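S.K.: Residue-level listing of the chains:
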Amino acid sequence: MTAAQIQNNQRSALGPGLQRLLAGLRLDLTYTRASGNRLHCKLDGRDVEVLDMIGGYGATLLGHNHPELIECMQSLLRDGIAVHAQGSVRAASGKLAARLCGMVSERVGGDYVATLLNTGTEAVEAAIKHAYLETTLRYEQLIEKRKKQLKQSLEALHNGQAVLAPDAMAAAERVFGAIDGGTEGLAECLRTHELAQPQLGFIALRGAFHGKTVGSLALTSNELFRAHWDALGPHATFIDLDDPRTLEAVIADATLSIPSLVKTGGVVRFEETTFVAIAGCIVEPIQGEGGIREITSEQMRRLRESADEHGYPLILDEIQCGLGRCGSFLASETSGVRADYYLFSKALGGGLVKISALLIDRARYCEEFGQVHTSTFALDDLSSRIADKTLELLSQNGGALIERCAARGRYLLQRFEKLRQRFPNLIADVRGRGLMCGLELACLDDSPSPLLRVLSDQHMLGFVASAYLLHRHHIRVAPTLSSPHVLRFEPSALIEVSDLDRVVAGLQELLSCLEAGHVEELTSFIALEPMPTAAPARNSFTSGGASSLRRRRSHQRRVGFLAHFPNAADLRNWEPRLAHLGDGECKTFLDRTEGLIEPFMLSESEIVSSAGERIVVDAIGVPFTSEQALRDLRAGTKHCLRLVQRGIAMAEARGCDLVGLGGHTSIVADGGRAIGDSAVSVTTGNGLTVAAALETLLDMAAKRNIQTARASFGVVGAAGNIGAVMASLGARHVQRVVLFGRPGTERFLRAVADGVYADIARRLARAEDVGGIGEIIARSRSGREQWRCGMSDQELGRRLRESLERELKDSAPVAISTQLEDLRECQLIATTTNSPQPIITAQHLRTGPVVISDIAVPSDVAHDVSVLRPNCVVLRGGVVGLPFGQQVRLPGAALPPGHIYGCLAETLVLGLSNSGRRSYGALTAEQVLEVGQLAHKHGFRLVLDRAAAVSGGGVSP
Amino acid sequence: MVPLDQVMLEIRHLLAELCELPAAQISADGVLRGYGMSSTNAVELIAKLERRYEVELELEEVSRVETLRELASYVQTLTVGPGQAS
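If you read the sequences in order, they're chains A and B. For the first sequence, this note's numbering begins at 1 and goes up steadily by one. For the second sequence, this note's numbering begins at 1001 and goes up steadily by one.
These are calculated hints, taken from the structure and not from any lab test. One or more of the hints may lead you astray.
Which residues of chain A face chain B? A few of them, derived with a C-beta cut under 10 Å, are [as the list claims (entries may be wrong)]: (1) P198; (2) V668; (3) A718.
Quick list of in silico lysine to aspartate or glutamate cross-link-like pairs, EDC-like style, CA-CA up to 16 Å [unchecked claim]: (4) A:K638 - B:D1029; (5) A:K638 - B:E1066; (6) A:K354 - A:D381; (7) A:K42 - A:D28; (8) A:K638 - A:D670; (9) A:K418 - A:D501.
It should be emphasised that the depicted structure is a prediction, and the values quoted were computed from it without experimental measurement. Here a beta-carbon is modelled for each residue, glycine too, at the ideal position from N, C-alpha and C.
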């Protein structure tokens, strides 16, 4: 198989979601050989030997391909053993069961019965089933006993062989309420009292991980794994062992009262028997996925006492921590607590086969369970013999391998402790026992690197650290999934001290990089190899920046603003430590990490308006580039829309009631229409962008001595919403408006012209100062005619247009054109098309003074126009000045100090005005005028000097 | 009624011409905004579609559709017989 074939299989056929996640950080290596603590792979074209500290999540306690196990397996296969002979005497399984039960009994006493299964989660399922069965049987026995007691008591009362105790009726009435009919009435109450089958539940611990099949998943604490399946499986309550009251509360909630009559001698008493509807309490002596957390001996004893008191079984999940990994055969041995059930798997298969075992105290074991819980593969001879051989190896030389785990673990933890002393701000904790160790990285809230702050805040640091150790030091570690800041170390018992020293050295370099904020070193391998084409990852393990939310100050008025990387190269502006990356490397970096990072805080700035109003703006980075946004839209996958929605949710959580959609976040969200229900208002900022563009255009016209009132105003792209608004507003200042569109769009251009005319006619009717075209219309015969009332705007505009065209012929004040050459008559031009290429060239323009407001993205005006037409000024527009020259810290925004894009400015203006209106969807001339007036009121400068005005952004279509 | 596949194929080419993209890059379920469609060039597309199919399209309807497939379905409903697409 070629490397390309392997990658393609992984991407498309085998868990593509996980593979994409691994690919993001280049953890998607293919290991081809393994031996002991070493794995072999190709890395950057070279054969590399990797030190394996993950150890198959505990499965390779004896290392990869242990020679004696390989020899054993080869011998078994050569001998042609009967691997599958279901429904027969399974000698190998019996031998394994006897050995395993014996090894457990040797250590904790008791007598156990084994059920062999295939995987760890299956052992948990079997434990759930058996615990449920034994508890149900116990309850049924209790009910049967109660029925007998009741029958005997009632017969004795009826026959006069016994009398009812004096306090019995009062006690019964406390349970049933008032009872009529004396003893007969009481008897009736008890007969008819319904004893429904209790809802049995399980107790599990917060942070627990017991598997992902339906039953075991219900006992797994991490809500991420359970999210969609919470309604399936048994009921579980997760308790916090640090707070003993939670266990007591669960027991209290699960306690049922069973009322009955009990005859003692010649007296019948009313009694209540209690039954605790708990089927079992399941515990990992050392939690693995939960972040390498050990249950203390005292906590373990308390759980044992509770189980003994209330009759439910204590189930110890030794699947990851047992069989010697933690320095004793049972990790729970040191607590002195004996369990009713033990679960084993992982290391039991010697790293070669899948096998698990459930051991149940014989006194609790239900014989029928062995008949009804079976599995095709569970007793296969091959797995049983390999597991038996594994136990033999672990027992050799007085359990020397187990003692080795203890010694190596002590050494590793000592070295980790020294690292913690050297980096007290970077290591939050080191913990574990034997060769099950965890190193918890601290949060990097104060890192000089913005990327590191985000990675830490979003719980990605463990993954990045793992990738760094793999690529730079050829050491394989992984974070625990439920506690992603914790790096987990579970090498084999054969690990050498020199290997552990190598791990510590790698960690030291990792921590030095973290301390100095050297994110370029920590992530240097990401940009090395372009990402194969694939959808963005959906990283369920990150969370949306908890510390970002902590910084919220709710008493301030606050707006949010969503920004993204316009181009991949803008990554360098945001994270200066990646300044050495070329454009292509920036693209690779962002393509690989696409979907791995959630929206994050860019900055928090306070702005004071000229009216003295204050507002805080939270700039939130939405991690995609314009190219990625378009790619996502074209694929119809809506990953970017999800990120925008998460960004808005983040702003809302920080107390923002208005969010501006910058750049392509607006396009992705369809100008806000695709956001769905949200408590916050959104704005695209188009209104202020248009207001600023028009004011700047008119200001520049005055500076160029263009007499606006006599000028022609050409609007290119006039059939679109922005163009139509531009035309309508421009018509108030100029003598003539020419609406430009492509051939075939005439009817839409005519509709825009109708709108312009209708607006003027309405304003004339209100005797407003109309100016420009309004004056021409007012003087015309058509304008004096009485069709102002009782007509829709559309109808009014159409009639006025047709009349003026008849009256004034080609001199009608609003004209349409599909020929850009007609721009030659225009001194003022606004252009806002979606053309991918510039469409206005020098040959379309007059030689005299011309001012063009180009708010299209990308630009509509050819680059060389200013050179070929020296009298022409091209304004890019879209930039606004903040009051008092204040600044909003927006990393990467290439604008002069004190300047911001119109979309951000509109967000601030609307926030300062507390207008509470949504500004998305089709823009209107009134909105533009209103937001323009508000901007002036708060001291925003819409007309800037030319240097700022010629370089800017545009509108979102 | 013109077959949907045929309408999609033809609109794909019209979109490609309008947005200056290779037709193969335009997928049936991609969001049209991703190819550069907006209220401005929607009218240009409508003009092309009206010429091609001799039908009249509503700007509001065209603005509402998200994808090529949805647009083709809308156009298809306006074409009443093969003659109109010939």
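S.K.: Each hint: holds or not?
M.R.: Hint-by-hint comparison with the structure:
no., hint, verdict
1, P198, "51 Å, violated"
2, V668, "8 Å, holds"
3, A718, "9 Å, holds"
4, A:K638 - B:D1029, "11 Å, holds"
5, A:K638 - B:E1066, "12 Å, holds"
6, A:K354 - A:D381, "12 Å, holds"
7, A:K42 - A:D28, "11 Å, holds"
8, A:K638 - A:D670, "12 Å, holds"
9, A:K418 - A:D501, "12 Å, holds"
In this structure, the one hint that does not hold is number 1.
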